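If you're matching them up, the sequences are chains A and B in order. Residue numbering for the first sequence follows the numbering used here, starting at 7 and increasing by one per position. Residue numbering for the second sequence follows the numbering used here, starting at 17 and increasing by one per position.
Hints were generated in silico from the structure; no laboratory data involved. Treat the hints with care, since some could be wrong.
Said to hold, decoys possible - Quick list of simulated restraints, FRET-style, between CB atoms:
hint, chain 1, residue 1, chain 2, residue 2, range
1, B, A199, A, A260, 40 to 46 Å
2, B, K59, A, R259, 41 to 47 Å
3, A, A181, B, K248, 31 to 37 Å
4, B, K59, A, F380, 55 to 61 Å
5, B, S276, A, G395, 49 to 55 Å
6, B, P298, A, S122, 19 to 25 Å
7, B, P75, A, A260, 29 to 35 Å
8, A, A264, B, H249, 36 to 42 Å
9, B, S276, A, A260, 31 to 37 Å
10, B, G348, A, I473, 28 to 34 Å
11, B, D278, A, A181, 24 to 30 Å
All of these numbers come straight from a predicted model, not from anything done at the bench. Just so you know, even glycine gets a beta-carbon here, dropped at the ideal spot from N, CA and C.
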Amino acid sequence: MEYPAAGKLPPGPFAVRSAPADGTRGGGPIPESGARSASASAREVIGLARESVVPPQAAAQPATTAKPQGAGRARLVYPGFTVPFILLICCFAAWGSAANLTDVLVGVFRHIFTMSNFESALVQFAYYGAYFSLAIPAAMINRKYGYKTGVLTGLGLATLGGVLFFPASRMLEFAPFLVALFVLAAGLSILETSANPFAIAMGPEESATQRLNLAQAFNPVGANIGVLLGAVLILPNLTPEPAKLIMTHDQLRASQEADLNLVLRPYLGIAAVLALIWLMIALRGMKTPAEATQETGEARGGVFGRLWSNRHYRYGVAAQFFNVGAQVCVWSFTIQYALDVVGVPTSKAGWFLQASLLLFLFARFLMTYLLGKFRPTLLLFLLAALGVGLALIAVFTQNVVGLIAVVAISFSLSLMFPTIYGVALQGLGEDTKFGAAGLVMAILGGALLPPLQGKIMDQVGTPQGFIVPAISLALVAAYALFDLRSKRHGGPLVTEGAH
Amino acid sequence: MPTPYNGARMPTSPRRRGGSLGQLVALGTAVLLVLGLGACGDKKERVTVGLIVKRNTNPFWVTMKDTAQDTANDDNVKLLTAAGTSDIDNQSQVAAIRRMTKEGAKGILISPANSKAIVPAIERARRAGVTVIAVDTPTKPRSAVDALYATNNLEAGKLIGRYAKAKADQRGIKPQIAMLDLAPGITSGDLRHRGFLAGFGIKDGDPRIVGSADTLGETIKAEDAMRRLLRKHPGINVVYTVNEPAAFGAAQALKAAGRSQDDVILVSVDGGCDAIKNGVRPGVIDATAQQYPENMARLGVDTLADAARGGKKPSGYRNTGVEIITGDAAKGVPSKDVAFGVRNCWG
């Protein structure tokens, strides 16, 4: 049987409208997943695909696609691959944890180093900047050495990033932590690019979707664990801010060391997990099959020209940039809103971010259902408008109602990434792969917008900073409106890579 | 039979099949070990410490009590607490000292409701081997206790005096100052008053002070006093208030007189959450000197527990910190923004 190249997939099993039901960032349907897709798509864009463990069809299938043939009868994994698959699941959870622990770190570093919101937001700049920067190199590694090497490289680099927290915590400087985060995120970017097809390769094609869904289901679990680690292990144990006011220089330094050790522990934990997974995968000596070559054979210049002239696509990239930016902004500064505006104690502030993630997860499932009932861009418009309203409430109420609004923005964010992705790529045909790469590289919004919000928070005030996600979501709403008012009919959406 | 791969080789099984469970157990153990690293500290000897505040209802004392309890929980300390029924209830505090001494408290933190009348009870406790630290309010004499942990009220006054002066200069106004004080003879009020004048660079009797009144730190009394002062001196443009309830009273009177909050520099002392959120943040109060009852409690419990375990006995005075909180910083006067004030306010 011949499988079509992913970019040439016809409507049907490959073009499913439902939004993926998995969770938060890092392998879920949003930024990190975007990075993953960015890497995967970039690999295809630059014509690097030579070897893969993934049959094109399986790789193209979205996590929530229709039930595959014989899925009920096929084994989940090949004999002897149970433990490797469990290890890979740990990878999905690990990068979810690392990604969302980073949101907590923005506030934690501001506290430890007594720095501005702008400076602390550089944490996200380093993290998402690494994801963005590594997209194409990750694709090259996978192309040249295969997915297993990609997984091992990603694990190794991410482990190194986690370990680098140790010298960073001894140096008592912010910059070494940014370096450590960059290395960690670079590793996770490569890992994400490789892990999905690697998971698919671990069993029969018939259960590929089931396997991928199962693996991706652990990403939101990891994401929630990441925030939980911050909420339980770090935030409640930080040196109280007033106590620092009356400390001597030596006492202050000692308290900084103690606080940075709190940060160190969960990252060393994540590094230990990743290192063990690396060892186990490396020692098991798994062989991987060769990938079928997928060359589109088309000159890229023409594709870019066509994409650029397509307003749905061009505006879609911009909308995705602002969507990812808004999401990272909101999650980066939820804790600060709780602390600075409402006066929630540091020990309890992390729970509001936790609530945001749980709400996001719940809304994901709800939207999966609703997307089958309503036109996706109508839902996108309504939720983006809701997000704008909630962000403005956060700007103007400046009390616990504003905090609840900040948490509730996560509800409106839930369907945005996969919906914008699908709408922007709709009808691109053979240009889909190229288009996907640019679209998901819009993750850059997660690196650039948080520092902007931080700057406004420093200059004007913490609540006023939420004007950044408000404007960003307004632009997403404008994109939805553009699609609704266009003559193009809302047919099946492309969801490949949009998980 | 389904074809799993299109033109691709089947992945071979792993070389080693045994030990899978062991590997996963090792993985889990490693995670737990790393995450648990440092979670187990030395178990300290359990000691008993007492805290006696003026009232249980005032947010200032509630914050102090809550922080003391959290600190005690973290430090394996049994905390005994007591409070008077009013700000001047000495009898309840005397009874509490006696009871805590009997119950084996090795140290007591007390905020005296009556600085002189409490001294005999404190001396009895100290003779019984109890270390006593006064918090927030000193005893008379100060030497009646081992140590005093309190806000430096003189410094608090100086800071807002400097701020008011800098703002007046910045706006180019000729100051007409109203002083809304506490009451004669109360140390904290006197110190704040003197500090403000020193910070502004003037002395009592300076012609720039157009009027003053005692308010007992209450909103209604402050509002009445401010109305009276405004009738006599409608040009008042700098208002010193001894605490934030008095500041809110002054603000109401200014508003009733049709004065814009931008025309008057209103400063205060305390740093309670209500004042930071509803006074400083909207600009009703231009600046306030924030004090930190949680530092008094945390330092106090830690120090007494340490002394009870054979550590150094506390002595002398310890400043528990004071910072200006403002949404409109004045050049040359160090201050913190409203966000800092909200994070660290009490109540």
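Which hint numbers doesn't this structure obey?
Result: hints 2, 3, 5, 8, 9, 11 break, sorted rising.
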